[in-house]
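2 protein chains.
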Amino acid sequence: WKCYGHVLCYVVFQATMLVEILCLLIFTIRVIHYAKVILRDKFWKDPKNICIIVILTLTLVDMIIYGALKAANYYGVRWSRVLRPLLLVNVTEGRQLRRAFRSIRNALPQIFYVFLLFMFSILIFALMALKLLGKRGLTNINGTPYFTSYLEIMFDLYVLVTTANSPDVMMPAYNANFFFAVFFIVYILINTYIFMSVFLAVVYNNYKKYLKEEVRQLVRAKRHKMVRAFGVLQEQREEGGEPVVTQASWNQLVRLVQPNLSNAHRELLWSVSDDKNQGAIGKVAFVQLADLLNIEIITIKSRPHPLQSLCPSLYQSAPSKLLCQLVQHRAFVMVYDLIILVNAVFIGLDEENPMIANSEWVFLALYILEILLKLYVFEPRVFFSKHSFWNWFDTVIVISALIATIVNSVMKSSSHFSSRQILDIVFILRVLRLIRVVDSIKRFRTIINTLIRIGPAILTFGQLIIVVYYIFAMVGMELFKGKVTFYEQSSTDPAKAYCGNPLLNGTDFAKLNYCKNNFNDVVSSFILLVELTVVNQWHDILYSGFATVTHISARIFFVLFHVIVVIVILNIFVAFVLEAFFVEYSVDKSDLQTSLERKIEELELAVAQYVTLQRVVHTSSSSLADLTLNFKITSQHFLLLCVIANCYYIL
Amino acid sequence: WKCYGHVLCYVVFQATMLVEILCLLIFTIRVIHYAKVILRDKFWKDPKNICIIVILTLTLVDMIIYGALKAANYYGVRWSRVLRPLLLVNVTEGRQLRRAFRSIRNALPQIFYVFLLFMFSILIFALMALKLLGKRGLTNINGTPYFTSYLEIMFDLYVLVTTANSPDVMMPAYNANFFFAVFFIVYILINTYIFMSVFLAVVYNNYKKYLKEEVRQLVRAKRHKMVRAFGVLQEQREEGGEPVVTQASWNQLVRLVQPNLSNAHRELLWSVSDDKNQGAIGKVAFVQLADLLNIEIITIKSRPHPLQSLCPSLYQSAPSKLLCQLVQHRAFVMVYDLIILVNAVFIGLDEENPMIANSEWVFLALYILEILLKLYVFEPRVFFSKHSFWNWFDTVIVISALIATIVNSVMKSSSHFSSRQILDIVFILRVLRLIRVVDSIKRFRTIINTLIRIGPAILTFGQLIIVVYYIFAMVGMELFKGKVTFYEQSSTDPAKAYCGNPLLNGTDFAKLNYCKNNFNDVVSSFILLVELTVVNQWHDILYSGFATVTHISARIFFVLFHVIVVIVILNIFVAFVLEAFFVEYSVDKSDLQTSLERKIEELELAVAQYVTLQRVVHTSSSSLADLTLNFKITSQHFLLLCVIANCYYIL
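Each protein sequence line maps, in turn, to chains A and B.
Numbered by the UniProt record's numbering, the letters in the first sequence go through residues 1 to 651 in order.
Numbered by the UniProt record's numbering, the letters in the second sequence go through residues 1 to 651 in order.
No wet-lab data here; the hints were simulated from the structure.
Misleading hints may appear alongside valid ones.
[Unchecked claim] The following label-pair restraints were derived from C-beta to C-beta distances:
id	chain 1	residue 1	chain 2	residue 2	range
1	A	Val19	B	Val345	51 to 59 angstroms
2	A	Phe120	B	Ser249	53 to 61 angstroms
3	B	Leu338	A	Thr139	46 to 54 angstroms
4	B	Ile452	A	Ile65	51 to 59 angstroms
5	B	His387	A	Ile53	52 to 60 angstroms
All values reported here derive from a predicted model rather than from experimental measurement.
In this text, a Cβ means the ideal position worked out from N, Cα and C, and glycines have one as well.
Given only the sequences and the hints, what does the whole structure look like? Please build it.
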C-alpha cells in the first residue's frame, strides 16, 4: 500500500474493507441465529462458537485500528487476516477439517520429541563440522569463508536435510580431502534418511491412533443412538419374552430413513436381520441396521432397453442382435484401445499439417460412434449409473471436445484466427481422452480405482493444506510484499534484470528469473508456497532472494514453513496414501457383509465384486438374475478412511 | 588405460591381474572343496553353486580376452567386473543378503505395474505440455527453445518427479501465464506425491509379504527339526501313554546346545516347559524349546563388589557407603549432564584461547572420575555387561579422547607442531561425548534404543546397497572414466577451470566446481552415487556434466540408477525403519513370554523390562532378588525384523 492519497487506491481500499465488513456481518448473523436456535447452555459450552466470536471481535478490532492508522497516514499491519482460515475450521460444516486438525494436535507431542532429538543431532553435527572444517581456510565457490560461523553451519546442515543444497555444501570440504565426504554421507544417512523416516513413522502412527479413537467414539455414539431407537420401537410379543421390533415398524423406519431404497433391497436387508424368519428382530439384530444400510449394494435391474419397448421388431432383429454381440465382444474394447493409441501418435505429430488436423474429426467421430453404440446396446440408466466412472468420463470428455473443436473451427473459418484459449482446451481434452486406455488393463484398473477412492479424502486434505498455506501466505505478504517485482517479458525497464529491487542485482534469484516467485498477491504466494513444499531450490529462493531484500532472519519463516508443511502435514498425506493402499491389500469383509452375501447366494443371485458396469454382460435369459450386486468393502481400515473421506454414517 | 607401453603402467596392470587371478583361485578352491564335502546330487541342485561356477568361468574368459586384446594393443572392456558382487551374494555367508534380494525380486512384478502406470502418466503429461507450451515460442533462461521436443519434455518431467529441477522447469511457462503453474502443480501432486507414496506402499507391502513368507518357512523348518529331535529323544514312560522326554535328557540337550546357560536359567526354562511338574514333557512342550531359548533373559547376579572381598572394612565404612549413595543418586546424573552442557559451550568457543584449551583437561578428568566412581560403586562385570551400550560408549570415547589428547600435546610440546589428523580425531571424540546427554531423557532413550536395535538390520541393508552401487560404479567407470579430471586446489593448470575437458568449458558443472564428482576410481564413483541417491542436482551433474562429455544417451544410466536405487531400494529402507517403529508401538508379547514371566513372578523374582543396567539400584537387602530379568520382546513383527537383522534361530 504505497499509494495513499491516490483516488483509485482509496476506492480499492474502501471496496475490500466493505467486502470484509459484509463477511463479518454474515458470520455475526449466523452466530446470533445459531445462538437463538440452540440452548443457551449448549451454545456457550461449545468451543467452536467461542472461537468464532473471538475471531470476529479480533477482526473488528483490527479493522478499526487499521482504518484509524490509515486515516492518520500511518503504516498498519492487518494481523487478523491470519485468523481468517480458523473461521473455516470452526464453522459447523468444517467437521472433517476439525477432526484432522484435532488429530494433528494430539500427535504433536510425540512429533515434538523426535524433532528435538533431530535438532540435537543437527547441533552435534554442526559443532563437529565447525571444529573439523572451520579452521582450514576453505572457501565457497564465491570466495566466502566455508563453515566458519556456527549459526550458518546449522542452517546449512538443516538445508542439507531437505537435500536442497546437496552436493554443493559438501564440495569445498570434499575437494580439500576425501574423508570429509564420509562426514556428509553419515550426516545424510542419519538425518535425511533415518530421521525423516522416523518422522513419517511417528506422524503416521500417532495420527492413525487418534483418528481411530475418534472413529471408535463415533461407532459408540452410533450404537448408543441405535439402542435408544430400539427402546422407542420395541414391543413385548409374549409374556416374559425379549422385547422385539416387528417387521412393520422396521419397514416404516427404513422407509423414513432411506426413502430411495428399493423394495427388493429392503427385503434383502430384513432377511439378513431376521435370519430365522420370525417376523421380528431383537436388539442385537436391530443395532446392526445402520451398518447394513451402510453396505452399498448396486442393483442393476436388467430393464428392457427403451428401444426394445419402442420398436421391438427392429431391436430384436438379427442384425441388431449381431451388433449387440459385436459391441459386447472383447475385440470391440481392443479395437478402441488401438484407435486410442493411433490417436496418441497423431496428437504427438504436428497439427499444422492439414492431414493431421482433419484426422481429428475422424477420431472424434469414432469416439462418438463408440458412445452411441454402447447406448444402443446397454440400458442408458445402467450406462450412466453413479458408479460407472469411466462411462461418465468418456462422455463428458468426448462431448466437450466436440463442442470445443466445433467452436474453434467456426472461429477459424469466420475470422481466420483461432483463439489460443479454446485451442488449449481442445488440446487438453484430446490428451485426457487417452487416459481411458488404462481402464483396459486390469492391474492398472485396481491401482486407479484405489486412487479414485481416496480422491474425496485428498480433497479434505486439500482443505487442511489450504488453511495452513493461507496463514503462511498472509504472514509472507506482510513480510515480503512488494520487495520483489515481476516485469512482463515485453518490458524494457532496466529494473527487470534485478526484479525491481537493486539489492537483487547479480544474485542467483534474479539470474534464474525467479521474479515471479513473490509474495505480492495471494495467488503468487500460494504458488511460491507450493514451490517451497517441493523443497528444491528453497535454499536459493530464500538466501539469494528474500533474505537479501529484507533481513537474514527471514529464513526463520522458511524453516518454520518447512517444519510444519513438509515434516508434519506432508507426512500425514503420505501416511494417508500408504494406509489406503494397505487397506486395498488386506481388506477383509465384515461378518455382516459375509452374511449378506450368503443370503444373496441363497437367493441364487449372482454376486460380483467391483464389477465395472460397462463390462457386465446382461444375461436376460436367466429370470432370477434381476439383481447384480456390487459390494463396497467396509473394514475397520475403511472406516478410518471413511471418516477423513467425508462419508458420514447414519448416526 | 591410456598408458600402454609405459613400464610402471604395465606393472600396475600385471599386479591387479595377479590379485584377481589369486581371488579367482581362492574361490575355485572353495567351490571344489565344498563339492568334495557335500553330496554330489545336492551340490548340483543348489543354484548358488552353479551361479558361482558360471561367474568364475565368465571372469576367467573375460580376463583372457582382455589380456589378449591388451597384448595386441586393442581396447578391451572388463565387463565381468559387474558380476563380482554376485559372488558376495552367492557365498554361503551371504544368506541375509540373498534373502533380501529374493524378496526384492518377488516384489518386482507389482512394482513394475505401478511403474508402468507412472510412466504412462508422465507420457500423458508430456504430450499435454508439448501441445500447450511447445508452440508459444517460450525460451529457457539460456535462450534455448522451451518444451519443443517430446523426448526432452519427458525427461524434464521425469526429473521434476525427483524435484531436482523445480521450480526452474516451470518458470518460463509461469512467467508467460499464471495458469500454467496449475499444470505443474497438478503434475507434482500426482507424480511426485501420490505416485511416490504408492511406490512406497507397494514396495513396503510386497517386500513385507515375501519376507513374512520366508520367515514362516523358517519357522516351519524349525518346527520340523524339533519334532525330529523329539523322535530321537522320546521315551515311553507307561504302557500306551504318550511318548515323553525326561528332564535328564532335556538337561543334557540344553547343556549341549547352549553350554553357557546358567543352571538357574535352565531350571527356570524347565519349570516353564514342565508346567505340571511331572518330571517329563510331551511333544508340544518340547517343540517350544527353541523359542524358549530365544527369549533373552539377562541375569544380573548381585555379586559382591571385588573391593568388598579385597578390603571389606574399607568398602563397608561410612564414607564409602555415602559415596555409593551419592553416585547412585539422581543428582549425580544431573550434575554430569550439566557438565556435558558446559563442555558443549566450551567446545564451541575458540580453542586457540589457552584458557579454553586447558579447560579440556579439566573436562577429561571429570569424565574419567565419573567412570572410576561408577566402577567403584557398581560391579565391573555388571557395568561392562553386553547390554550396557552407554557404559561402553562412554568408556571407549573417554579413553580414546584421553590417549589422543596426550599424544597431541606430546607432539605439540616436542615439535611445536600439532598433527592435523590427531587434532581432528580429538575434536570428533570431544563432540561425540556430548551425545551421552540424550540418554538422560527418557523419551529420547526410547527413540535411540529403537534406532540402536535396527542398527544390525541397517548393516545388512548396507550390504545390499553396496552390491547395487558396485555394479553401477563398474558400469559408470567403463562409460565415464577419465572424462572429467579433478585438479588439486594448488594446481595452476588452466584445464582446472573446465575439469580437464574442453567440452565442459563454461558449463555449470565446471562453474560449480564439481570436477571431483567423477567415475575415475571406485571411491569417487561411490561418493558420486551417494550424491545421485540424494537426488538433488543430479540433473545438473547429468546434463551439464556427463552428457556433455559423452553423449546425450548417458542420461539412461542416471535415470536407471534413480529408478532402481531411489524408487525401489530406498523405499525398502524407509519401509524398514517404519516397520521397526510400528513394532515399537504395537509390541505384544508371545504366549511363551507371558508364561515365562508368570513363572518368574511365581518365584517372586522382580521382572523388569528394558532396564538399563546403569540405572538399576542393587537391592542387596532382598535375598530373593538375585535375578533381575530383562526381556527382549519377540513378536511376529520382531521375527520379521530379526531375519533381516542377522539374528538366527536355533534351527
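Results for each hint:
1. Between Val19(A) and Val345(B), the C-beta spacing of about 54 angstroms keeps the proposed range 51 to 59 angstroms intact.
2. The supplied range of 53 to 61 angstroms is met by Phe120(A) and Ser249(B), whose beta-carbon atoms lie about 54 angstroms from each other.
3. The supplied range of 46 to 54 angstroms is broken by Leu338(B) and Thr139(A), whose beta-carbon atoms lie about 38 angstroms from each other.
4. One distance hint, 51 to 59 angstroms for the beta-carbon pair Ile452(B) and Ile65(A), holds here, with the actual separation near 55 angstroms.
5. The hint said 52 to 60 angstroms for the Cβ distance between His387(B) and Ile53(A), and at roughly 57 angstroms that hint holds.
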